[in-house]
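So the sequence lines, in the order shown, correspond to chains A and B.
Quick note: the first sequence uses the numbering used here, first residue 1, plus one each step.
Quick note: the second sequence uses the numbering used here, first residue 1001, plus one each step.
Don't take each hint at face value.
Claimed, not checked - BS3-like cross-link-like pairs, simulated, lysine-lysine; straight-line CA separation at most 30 Å: (1) Lys1241(B) to Lys1182(B); (2) Lys52(A) to Lys1182(B); (3) Lys1331(B) to Lys52(A); (4) Lys1331(B) to Lys1132(B); (5) Lys12(A) to Lys52(A); (6) Lys12(A) to Lys1331(B).
What the hints contain is simulated information worked out from the structure, not anything from laboratory work.
The primary structure of each chain is shown beneath.
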Amino acid sequence: MNDLYEVFVRGKRGLNHVHVGSLHASDDEMALRNARDLYTRRNEGVSIWVVKASHITASSPDEKDPFFAPSADKVYRHPTFYDIPDDVPHM
Amino acid sequence: MTERSEGINKHSTSGHSSDEGGLMTAVAETDLARHFEHTIERDQRIEPRDWMPEAYRATMIRQIAQHAHSEIIGMQPEGDWITRAPSLRRKAILLAKVQDEAGHGLYLYSAAETLGVDRADLTTRLIERRQKYSSIFNYPTPAYADVGVIGWLVDGAAICNQVPLCRSSYGPYARAMIRICKEESFHQRQGYELLMTMMRGTDAQRAMVQDAVDRWWWPSLMMFGPPDQDSPNTARSMAWKVKRHTNDELRQRFVDMTVPQAEALGVTLPDPDLRWNPERGHHDFGPIDWDEFKRVLRGDGPCNAERIDRRRRAHEEGAWVREAAAAHAAKRRTP
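Generate the whole structure from the sequences, applying the supplied hints.
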């Protein structure tokens, strides 16, 4: 039971798979079955993804990380950047 | 340390390297510490790969591991009644409940692993008594009414403790607690319903319920931990927002919630000093036997040895399953 797997569950059709936690299993199939027993005992999902934790490459989750800095200073990407007079309808 | 969950293989730690020498590291550390404190002040969550003080990490590992161990050991007192429950309905309910406890343990081990520990190692620490679990699970369950009283009082106290933990500053723990609290409400309600059913039965059944209440009441109050003046880490834990209320606050809340439930059930809580205090707006209650609490925590409770021994045997006797699974996986990998 050596591999750590991350578990993602789709709550219902139309929703994204969402990370719910992790578990240990010796292979992919066992990870899937264990994930069903552990994270969907009450109908929480219609689909499960399991992926070995070692296969995930991640940024730092810290919002201060310079990795995300380039997106912070581009206010012109947001509609509120543009002043439109109030009497222009449907804008 | 194992590489961990919720973001592995950190590909850029820009700015935080220590190769500029001691001074730069110290400056960076102060910066990081300030950012950590600021995150907590703004009531935001600390996530696994954020910088955190070593003491915070150690505290969270201890807190989450103890909680996980409690869920796993907590399967034992009630588990004994699965084969003896009086009807198929009660068996199915109890089985589902004990399965939930196992699930809660696993959610929590999963959260603990985000801090860089390995769950196999945590199991070893439990079996070797290097980590603790809740003192409540060292009391015996000699009667079926104990199943009901555990659901009502023990799970009720656990809910009081756990609801504020849904706002713990440590993200993975808070998220696990949200899922656990949702499931826990069934545990308490099935217990109370079981007791209501017994109270509608014979005199002997009512006496059995009262006896179970007499045995579990005081240990349930001890679940909130030592009184505030003897809880030296409370202040720091509150500052870190890994604890949201003091032990005594939560204990008082539990007593106030439980008294009307006991009245509705028709049982007496075994405390002659228990009464409503209109000035405080709370119930007063009698002194707790903290010597007993310390004894049980130290390992001298009625069932400590039995609980650990059983956990150890389950681990050892299950070794062949883990080995077989690994062998099966290895065999399927080679064509």
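We went through each hint and held it up to the structure:
no.	hint	result
1	Lys1241(B) to Lys1182(B)	21 Å, holds
2	Lys52(A) to Lys1182(B)	28 Å, holds
3	Lys1331(B) to Lys52(A)	19 Å, holds
4	Lys1331(B) to Lys1132(B)	38 Å, violated
5	Lys12(A) to Lys52(A)	23 Å, holds
6	Lys12(A) to Lys1331(B)	35 Å, violated
Going down the numbered hints, you'll see the structure goes against 4 and 6, while the others check out.
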